[in-house]
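Protein chains: 2
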Amino acid sequence: MGLVVQKYGGTSLADKNRIENVAERIIEYYKKGNKMVVVASAMGDRTDQLIDQMYRITDDPPPRERDMLLCTGEQVSIALLSMAIQERGYPAISLTGSQVKIKTDDQFNKAEIQKIEGGRLEEELAQGKIVVVAGFQGVNSSNDFTTLGRGGSDTTAVALAAALDAEKCEIFSDVEGIYTADPGIVKHAEKLDEISYDEMLEMANLGAEVLHPRAVEMAKYFGIELYIASSFKNKKGTVVREVKKMEGRKNVTGVTFDSDVVKITVLKVPDKPGVAGKFFTSLADYGINVDMIVQNLQHNNLNDITFTIKTEELKQNKNIIKKTAESVSAQKVEIDENVAKVSIVGAGMISTPGIAARMFSVLGEQNINIQKITTSDIKISCLIDKSKIDRAVNALHDSFQITKTMS
Amino acid sequence: MGLVVQKYGGTSLADKNRIENVAERIIEYYKKGNKMVVVASAMGDRTDQLIDQMYRITDDPPPRERDMLLCTGEQVSIALLSMAIQERGYPAISLTGSQVKIKTDDQFNKAEIQKIEGGRLEEELAQGKIVVVAGFQGVNSSNDFTTLGRGGSDTTAVALAAALDAEKCEIFSDVEGIYTADPGIVKHAEKLDEISYDEMLEMANLGAEVLHPRAVEMAKYFGIELYIASSFKNKKGTVVREVKKMEGRKNVTGVTFDSDVVKITVLKVPDKPGVAGKFFTSLADYGINVDMIVQNLQHNNLNDITFTIKTEELKQNKNIIKKTAESVSAQKVEIDENVAKVSIVGAGMISTPGIAARMFSVLGEQNINIQKITTSDIKISCLIDKSKIDRAVNALHDSFQITKTMS
Numbered sequence: 016m017g018l019v020v021q022k023y024g025g026t027s028l029a030d031k032n033r034i035e036n037v038a039e040r041i042i043e044y045y046k047k048g049n050k051m052v053v054v055a056s057a058m059g060d061r062t063d064q065l066i067d068q069m070y071r072i073t074d075d076p077p078p079r080e081r082d083m084l085l086c087t088g089e090q091v092s093i094a095l096l097s098m099a100i101q102e103r104g105y106p107a108i109s110l111t112g113s114q115v116k117i118k119t120d121d122q123f124n125k126a127e128i129q130k131i132e133g134g135r136l137e138e139e140l141a142q143g144k145i146v147v148v149a150g151f152q153g154v155n156s157s158n159d160f161t162t163l164g165r166g167g168s169d170t171t172a173v174a175l176a177a178a179l180d181a182e183k184c185e186i187f188s189d190v191e192g193i194y195t196a197d198p199g200i201v202k203h204a205e206k207l208d209e210i211s212y213d214e215m216l217e218m219a220n221l222g223a224e225v226l227h228p229r230a231v232e233m234a235k236y237f238g239i240e241l242y243i244a245s246s247f248k249n250k251k252g253t254v255v256r257e258v259k260k261m262e263g264r265k266n267v268t269g270v271t272f273d274s275d276v277v278k279i280t281v282l283k284v285p286d287k288p289g290v291a292g293k294f295f296t297s298l299a300d301y302g303i304n305v306d307m308i309v310q311n312l313q314h315n316n317l318n319d320i321t322f323t324i325k326t327e328e329l330k331q332n333k334n335i336i337k338k339t340a341e342s343v344s345a346q347k348v349e350i351d352e353n354v355a356k357v358s359i360v361g362a363g364m365i366s367t368p369g370i371a372a373r374m375f376s377v378l379g380e381q382n383i384n385i386q387k388i389t390t391s392d393i394k395i396s397c398l399i400d401k402s403k404i405d406r407a408v409n410a411l412h413d414s415f416q417i418t419k420t421m422s
Numbered sequence: 016m017g018l019v020v021q022k023y024g025g026t027s028l029a030d031k032n033r034i035e036n037v038a039e040r041i042i043e044y045y046k047k048g049n050k051m052v053v054v055a056s057a058m059g060d061r062t063d064q065l066i067d068q069m070y071r072i073t074d075d076p077p078p079r080e081r082d083m084l085l086c087t088g089e090q091v092s093i094a095l096l097s098m099a100i101q102e103r104g105y106p107a108i109s110l111t112g113s114q115v116k117i118k119t120d121d122q123f124n125k126a127e128i129q130k131i132e133g134g135r136l137e138e139e140l141a142q143g144k145i146v147v148v149a150g151f152q153g154v155n156s157s158n159d160f161t162t163l164g165r166g167g168s169d170t171t172a173v174a175l176a177a178a179l180d181a182e183k184c185e186i187f188s189d190v191e192g193i194y195t196a197d198p199g200i201v202k203h204a205e206k207l208d209e210i211s212y213d214e215m216l217e218m219a220n221l222g223a224e225v226l227h228p229r230a231v232e233m234a235k236y237f238g239i240e241l242y243i244a245s246s247f248k249n250k251k252g253t254v255v256r257e258v259k260k261m262e263g264r265k266n267v268t269g270v271t272f273d274s275d276v277v278k279i280t281v282l283k284v285p286d287k288p289g290v291a292g293k294f295f296t297s298l299a300d301y302g303i304n305v306d307m308i309v310q311n312l313q314h315n316n317l318n319d320i321t322f323t324i325k326t327e328e329l330k331q332n333k334n335i336i337k338k339t340a341e342s343v344s345a346q347k348v349e350i351d352e353n354v355a356k357v358s359i360v361g362a363g364m365i366s367t368p369g370i371a372a373r374m375f376s377v378l379g380e381q382n383i384n385i386q387k388i389t390t391s392d393i394k395i396s397c398l399i400d401k402s403k404i405d406r407a408v409n410a411l412h413d414s415f416q417i418t419k420t421m422s
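For the protein sequence lines, the chains are H and X, in the order given.
If you use this note's numbering, the first sequence corresponds to residues 16 to 422, in order.
If you use this note's numbering, the second sequence corresponds to residues 16 to 422, in order.
Isolated chain H, as found in the complex (with noise of 0.2 Å):
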């Protein structure tokens, strides 16, 4: 029996009941001889709430104080759940991310770990107790608390399940596992029962929101295999881990798709040497993810340049983007929310001619027009009409005929 570092997100802690559940679950762990680990989110909807009351004050929070005001969704957690565990009769501890040391830099909103200093939570677990940890939140060297970002418990739980050298990384949600596309719209998805770190990072960037790209990057880092499962049923989930064997596996794993894009185009800039890069340049100064770049010479040497960010993104942005585009002398840019991406992974494909010739007639054949293309050697993205993404994602499946038993 050895040590294991569990993650449980909000929707798992959302209410007493579940918190209590989880607790049981926890201790079911412990009782088998496991030191355990375990890093709890804010519980529910939590964040959003203190998201909201910030916004109420400013808009345009001060990035040290939010993350003052946010490391507080987690501290709640941590001790309800401590409590739950040792209403049972089992020894349990709560510790913040500044208690078990969790040293970031100082980029408050999106920190990134440098190291874990850890000595407490090693006494702790060696007196017995279950350690339960604040996720997404660690300390500068300043001792101001920062928060790590989107997916930022999940980052916590694979950097501890590192630092502590874990046998097991166990990421609960609400979601069961890895599917072959959402099966909220393809009838036919399947949960995978493996899938390879590099895929799951591709289904994880293009919207499988199950686990954060930054967790599965540090696990593929530093070899830690992670397994996802449902919180709520006690159902086998799937495992991400370096999978050796590539040969025989099928081209595709899964059909991923993201609704929250926004296409912008940027029209008319002068074809001068640098200006793409001077222009992307700055969107990145000002923090902006920029996706799924075409740049098209058009008459006159002037330029059309389209690229996607996220929903989320446009609204704080949007005078940005105006004003950058004016800098590089831009004619006029044009904003459509009308789109979405839909993708097919898999790390069979670049060694399989004629996949994305096939991903592109099927779509053709559905009458779903391509804005956009992107491709990589794990995946090939389509910017499409957002109404047509359910058709599309069905019928690429269908297609491809992903299923786990065939692989």
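What the hints contain is simulated information worked out from the structure, not anything from laboratory work.
Heads up, the beta-carbon is just placed ideally off N, CA and C, and yes, glycines get one too.
Treat the hints loosely; a few may be bogus.
[To be verified] Simulated crosslink set (BS3-like; lysine-lysine; CA at most 30 Å straight-line):
# : chain 1 : residue 1 : chain 2 : residue 2
1 : X       : K293      : X       : K325
2 : X       : K118      : H       : K118
3 : X       : K387      : X       : K403
4 : X       : K116      : H       : K118
[Said to hold, decoys possible] Quick list of simulated restraints, FRET-style, between CB atoms:
#  : chain 1 : residue 1 : chain 2 : residue 2 : range
5  : X       : K251      : H       : D189      : 48 to 58 Å
6  : H       : D67       : X       : D75       : 41 to 51 Å
7  : H       : P78       : X       : K47       : 42 to 52 Å
8  : H       : Q331      : X       : D60       : 26 to 36 Å
9  : H       : K31       : X       : Q416      : 54 to 64 Å
10 : H       : T390      : X       : D75       : 39 to 49 Å
11 : H       : D189      : X       : D75       : 48 to 58 Å
Guided by the hints, dock chain X onto chain H, whose structure is given.
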């Protein structure tokens, strides 16, 4: 212009508008050139919400985890208040009890401040920032978060004023100052311009819950002048300080009452040496605060012991009291919740004969039966029927002609 410590209570910070109002008040002081340290309580009823959540999980919360939970309330307040100040263009920073290094002992839920290291706080002040500190909380030598118990935020403010040698310590709440009696009950009650520490201690202990006795005691010890006023109005409040000119002051400064008390009578306890000591030591070990103790020897070497406790302490301690009574061979325990305590307070009492007699006569004239009496140098308290408390307070206020203008 010097250093001002201000404390704002939970009602003053209950929502967005109130937080903004407080931010603007703080900025007014800051613009006059003051260095500002602001202590904030948890917003509105947030602490009660957290306590509700806690008791849904466990009837017997582990004290350390309780403090881990509760100290999130103030952390939310300081983050939002700091944001509201910065939104208005002034520099501010929030600090938790652990960041200020408010070092306490290990008594979770009722920790006592041992020292304030304060280096960080002074650095931020030196940089011209308004420093917003979480009230009610500290950190013990193991880096566990502690809370200071009831009135903790007042205590934080006074402790900071002492540690920083502040020029002023101002306690803002929804109360305009200290009154000669509850203005909701006594029509002619008047706000006092000033009151001595000792009088304030008696007033606070007796139910005028404006300023916690611990904070008053600490202010007295360090000789810190307190100013009590409303955060909602710009009206003159009450100064609490050592009042030198005792001569010529009124005998009775105020009338207070407490309806949240329960009378407990332990009947027929064998009259052996040490019995009362054993009984009350036992209650103290359980953390039960006892007031107004009277012991009467009855026939047959049997004693009746009567005392009062706060109503809120009755529920969880009823069984403990009964068992403790059995352990000293008492034959019966009677509980009477239909009582209230009325008191007159005044530093001039001790040198003025007949004050007590007059109090008893006034109650007699009102046909109010006195069940118990206790006295100190500056207060006299009577336990009476709860339904007659308003009449008692008014009659005493009239009889002693308590008005600040006559003092």
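Do the hints match the structure? See the list:
{"no.": "1", "hint": "X:K293 - X:K325", "result": "21 Å, holds"}
{"no.": "2", "hint": "X:K118 - H:K118", "result": "22 Å, holds"}
{"no.": "3", "hint": "X:K387 - X:K403", "result": "15 Å, holds"}
{"no.": "4", "hint": "X:K116 - H:K118", "result": "19 Å, holds"}
{"no.": "5", "hint": "X:K251 - H:D189: 48 to 58 Å", "result": "57 Å, holds"}
{"no.": "6", "hint": "H:D67 - X:D75: 41 to 51 Å", "result": "34 Å, violated"}
{"no.": "7", "hint": "H:P78 - X:K47: 42 to 52 Å", "result": "29 Å, violated"}
{"no.": "8", "hint": "H:Q331 - X:D60: 26 to 36 Å", "result": "32 Å, holds"}
{"no.": "9", "hint": "H:K31 - X:Q416: 54 to 64 Å", "result": "55 Å, holds"}
{"no.": "10", "hint": "H:T390 - X:D75: 39 to 49 Å", "result": "60 Å, violated"}
{"no.": "11", "hint": "H:D189 - X:D75: 48 to 58 Å", "result": "30 Å, violated"}
The structure fails hints 6, 7, 10 and 11 (numbered hints given earlier, in ascending order).
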